[in-house]
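As given, the protein sequences belong to chains A and B, one line each in that order.
Using our numbering, the first residue of the first sequence is number 16, and each one after it goes up by one.
Using our numbering, the first residue of the second sequence is number 303, and each one after it goes up by one.
Read the hints as simulated data drawn from the structure, not as lab findings.
A virtual CB, placed ideally from N, CA and C, is assigned to each residue, including glycine.
Where hints are given, some of them may not hold.
As the list claims (entries may be wrong) - What follows is a set of in silico ranges between Cβ atoms, one per label pair, in the way DEER data are often shown:
| # | chain 1 | residue 1 | chain 2 | residue 2 | range |
| --- | --- | --- | --- | --- | --- |
| 1 | B | Gly1119 | A | Glu29 | 26 to 34 Å |
| 2 | B | Ser469 | A | His34 | 27 to 35 Å |
| 3 | B | Gly1186 | A | Glu29 | 55 to 63 Å |
| 4 | A | Glu29 | B | Asp1070 | 42 to 50 Å |
| 5 | B | Lys889 | A | Arg43 | 54 to 62 Å |
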Amino acid sequence: MFYIYCPYCGEHREEEEFHPKGQAHIERPKEPEACSDEEWGNYLFFRDNPRGVHHEMWVHAVGCRKFFNMTRHTVSYEILETYKMGEQPSITADSQAKPREAAAVSQQEGVRA
Amino acid sequence: MSQSKQQMFRLNTGGRIDRSRTLSFTFNGQRYQGHPGDTLASALLANGVDIVNRSFKYSRPRGIVAAGAEEPNAIVQLGSNEAAQVPNVRATQQALFDGLTACSTNGWPNVQRDLMGLVGKLGGQFMPPGFYYKTFMAPASMWLTYEKYIRKAAGLGRSPMEADPDSYDHFNQHCDVLVVGAGAAGLAAALAAARSGARVIVADEQEEMGGSLLASRETLEGKPADQWVARVLGELASYENVTLLPRTTANGYHDHNFVTLHERRTEHLGDTAPVENGHRQVRARLHRVRAGQVILSTGAHERPLVYAGNDVPGNLLAGAVSTYIRRYGVAPGRKLVLSTSNDYGYRAALDWKEAGCEVVAIVDAREAPAGDWVDAARAQGIKIITGSAVIEAKGSNRVTAARVAKIDIDAFKVSGPVQELACDTIASSGGYSPVIHLASHTGARPTWREDILGFVPGLVKGVQACGGAKGTYTLGDVLAEGVEAGIRAAATTGYTAQTVSLPSAERLQQGPAVALFQVPHEKSTLRGPKQFVDLQNDVTAAGIELATREGFESIEHIKRYTAMGFGTDQGKLGNINGMAIAARCLKRSIPEVGTTVFRPNYTPVTFGAIVGRHCRDLFDPERYTALHHWHVERGAEFEDVGQWKRPWYYPQKVNGKAETIQEAVARECLAVREKVGILDASTLGKIDIQGPDAREFLARVYTNKWEKLAVGKCRYGLMCKDDGMVTDDGVTSCLAENHFLMTTTTGGAAAILEWLELWHQTEWPELDVYFSSVTDHWATMTITGPEARKLLAEISDIDLDRDSFKFMDWRSGKVAGVPARVFRISFTGELTFEINVQANYAMHVWQTLFKHGEKYGLTPYGTETMHVLRAEKGFIIVGQETDGSVTPEDLGMQWAIGYDKPYSWIGKRALTRSDTKRENRKQLVGLRPKDPKVVLEEGAQIVLDPKHAIPMPMVGHVTSSYYSPILDSGFALAVVKGGHQRLGETVYLPMADGQTFEAEIVSTIFYDPKGERQNV
Chain A
16 MFYIYCPYCG EHREEEEFHP KGQAHIERPK EPEACSDEEW GNYLFFRDNP RGVHHEMWVH
76 AVGCRKFFNM TRHTVSYEIL ETYKMGEQPS ITADSQAKPR EAAAVSQQEG VRA
Chain B
303 MSQSKQQMFR LNTGGRIDRS RTLSFTFNGQ RYQGHPGDTL ASALLANGVD IVNRSFKYSR
363 PRGIVAAGAE EPNAIVQLGS NEAAQVPNVR ATQQALFDGL TACSTNGWPN VQRDLMGLVG
423 KLGGQFMPPG FYYKTFMAPA SMWLTYEKYI RKAAGLGRSP MEADPDSYDH FNQHCDVLVV
483 GAGAAGLAAA LAAARSGARV IVADEQEEMG GSLLASRETL EGKPADQWVA RVLGELASYE
543 NVTLLPRTTA NGYHDHNFVT LHERRTEHLG DTAPVENGHR QVRARLHRVR AGQVILSTGA
603 HERPLVYAGN DVPGNLLAGA VSTYIRRYGV APGRKLVLST SNDYGYRAAL DWKEAGCEVV
663 AIVDAREAPA GDWVDAARAQ GIKIITGSAV IEAKGSNRVT AARVAKIDID AFKVSGPVQE
723 LACDTIASSG GYSPVIHLAS HTGARPTWRE DILGFVPGLV KGVQACGGAK GTYTLGDVLA
783 EGVEAGIRAA ATTGYTAQTV SLPSAERLQQ GPAVALFQVP HEKSTLRGPK QFVDLQNDVT
843 AAGIELATRE GFESIEHIKR YTAMGFGTDQ GKLGNINGMA IAARCLKRSI PEVGTTVFRP
903 NYTPVTFGAI VGRHCRDLFD PERYTALHHW HVERGAEFED VGQWKRPWYY PQKVNGKAET
963 IQEAVARECL AVREKVGILD ASTLGKIDIQ GPDAREFLAR VYTNKWEKLA VGKCRYGLMC
1023 KDDGMVTDDG VTSCLAENHF LMTTTTGGAA AILEWLELWH QTEWPELDVY FSSVTDHWAT
1083 MTITGPEARK LLAEISDIDL DRDSFKFMDW RSGKVAGVPA RVFRISFTGE LTFEINVQAN
1143 YAMHVWQTLF KHGEKYGLTP YGTETMHVLR AEKGFIIVGQ ETDGSVTPED LGMQWAIGYD
1203 KPYSWIGKRA LTRSDTKREN RKQLVGLRPK DPKVVLEEGA QIVLDPKHAI PMPMVGHVTS
1263 SYYSPILDSG FALAVVKGGH QRLGETVYLP MADGQTFEAE IVSTIFYDPK GERQNV
């Protein structure tokens, strides 16, 4: 069970208070009518599924009801940061040392028993 | 019978048991005696009970092997009565209490003379490795037959058939430092952390804290080690910042240092919790601990050697032999042969000898063992056979002899003549495996250390391992590591810890161990007698070899194919040996083969503890409206809508007999159509929306227009997701220029509020608008029917004139003397007033309505009648007519779509995608069965040609279907491909029983198609 720092409440709370809301930083096209069907389909349906650093949106559903973003490692489940809506992540897949990342991932190979 | 005769393997002195008190207990129907301080296992050994179970697959007799959580055989069913039954209890972990009743989980009709044993060999061939997978590939119908056989024979324990009388608690805990395991390392760590002032929780799974120090030959400060344990525990107990949890197993290590602890508070006292001062004590607690730092001082499990016949009762772990002698005052036999690959094993022989029993020989796999314990054994005159191992245990129900031979480990063969040594006990030691289970729950992979021949835990952030869990086995080093871990953990959580002066431990000289896992036999592994790797799952060395020959190379696959380390065992005893055997067969190293990942729970947890108080009435919260008690008193049947309890229908007594649901619904429907009915609609979601941009916001989230909705007016709105699919609907009213009240479906209330917040917070933060749930603040009473106006007029000061208070208007005023908002909207098609009052006035208003309503025939109706009435009018229910793949156009609700609104509202763009514009989309229509007596099944599939060969092309399905009392006919709503163009066509509904119903596609509005009745 995650231990999540709500950037609005300013404290760690249990995962039970939060809902995950999918990939962060998906912006609705400003002029939907100008989008082709394919572009609109990409906005609606296509999401990244990275192994490693991922930016997710969460909501403090039974707390302050605020939406915020989280940078989380999808292999170790480590939460690297949480930040307010409208802010940019300070940690990204590119900012992480790549060779170390690859080594960490290969260590995690294997199926859970 | 004298006591000594009864406990013939009990030593006269020694151990941590209280010989002055005697406890009696029953095992497999036989009465025995033991002492306080015993476990069930030590008491069974004291009484000379060799066979405690039958094995899972081969039905072989099995005895006690270990003294702790790693015990694979002595798994019992506990409980003196039906309600107290507990399966899967390890006898080695169950404290003895007076009156304890246990039986073997395996073995029918009894363990001594097992019927299955006669067919054991057949059963073994019947169930080769991969048995489950191979049978699944056989005709599937055979599985049921196999399964019955397996369950009966396997004895997986059974659940009680009566309700558990006990209660269980959940505790949410926070601490700076959680120490798991209170042996030498854990106590040292806890002491260092506790003295810094950090909040410390110490959890230990045993009856007493102290771990191996409770039964150690080694001294601390020249005194028995348990004296140091007592002193440290005394100090820890005196600190307010320390919580000591004995009999508490850390079972799961979850994300972000969340550890679940299973504390057994009364299981050492009786099989149900004792009653004190009239209150039954809480039997167990589940602590949900969020720890700043975790210290894993879980110690190590000894590895047995894998030799032929190593499962015959009388084969024990060397360390377990020492524990039984030193901690419980029991010698589990008379004549011992010890087979070892290392110095540690020698302690068992020394303890055995000191207990006054005969050590036949120590068989050491090393050519030239040297070390202080080896010297001590020589000094005692114990015979040591070097370069050799026990290659086979003889005996069936108990060991009778050990076959000993020189072995060549590298060549994996027996290299000298075999001698047979008569004995009744064989102890073996292949070294230690650190207990890495908890660390591996986090997903971190363990690392192999060649110097200790074991895996040490991989560690995530915020956790340290120390002592045996880290592969450190020398007492002085273990203590030093513990202190260091405690100091570091305290420092990391913001405390300053000083070093702790450690008691002086003996510095013992030790020789290196040799890597020995499976012992070679004269015959090959596949042809020789069985060598067991995993005793609980009956996995043999041959089984693993066979798996590698059949092409399984990954250890994860071998595990699944052979069942090694499955179930409640989780590979505590056998996994490393199994990996070593796989490595030998595949000609790889152990780290190349790798290890499997252990799963929670470490040992079984009773469901009671998992459930805690979340059962019966507290299983799921129930939400009641302000009028709930009235409905109960009126005899309503209730329907669950989300967590809400809503009146479903109100059966009346007719001639002393309660109405059926059909009779009640027919009566309620006609009352609304002909007189007046009343519905408690309080559960409808209500969201108060305020702010200068509230109107603009509504225009963006709803499909229809809002800019002209005047104060005092209401409008039905349809809400889509951005994929264009309908997600909710409801009426929103303009309370003031910047103030609206939105209603949602009962089930959608919370999700819609979150949906509105999502758009406001992430896409349109510039809009000045605020949302607040007011569902519980307002009670809603719907009075509907031709007499509604007359009834309301009697108790309200609002002008109800049809021209001043029009359909889709709302007014505020007094109803029954209390402030109210009255909405003239209709979900029945009849003249309707929805009265909203502050929830705590609701009962008064409701009762006043009934006082005045009797003469008008006021009839309460429930959700079932509501459904029929709305369907007669073709009003949809989101989630019934829609399923996330239905657009407003599919519903025929073009009138509710504002394509020309300036802002591209949610869902608009998707409605012009090629798929949403398709002509043959499933569209909402009405269905009139050709036979009016027929009520179609909801969900029934619709076809155009019932004579078409199977599979018939399906063109849609029934979404709602009822009997209409006013029409005296069945009718339905359905979605049909291209349905809007098919009015008047006949469709067919083939049913599972072979009948086919015919129906005509008609308008969705079955009653009052012009909508005149709601406008009167």
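Against the structure, the hints come out as follows:
Evaluation of the 26 to 34 Å hint for glycine 1119(B) and glutamate 29(A) yields a failure: the beta carbon distance comes to about 46 Å. The given range of 27 to 35 Å is respected by serine 469(B) and histidine 34(A), whose C-beta atoms sit roughly 31 Å from each other. Take glycine 1186(B) and glutamate 29(A): their Cβ atoms lie about 30 Å apart, and the range 55 to 63 Å is violated. Checked against the hint of 42 to 50 Å, the pair glutamate 29(A) and aspartate 1070(B) fails, with Cβ atoms roughly 33 Å apart.
Under the hint 54 to 62 Å, the C-beta atoms of lysine 889(B) and arginine 43(A), about 59 Å apart, fit the expected range.
Comparing the model with each earlier hint shows violations of hints 1, 3, 4; every other hint is respected.
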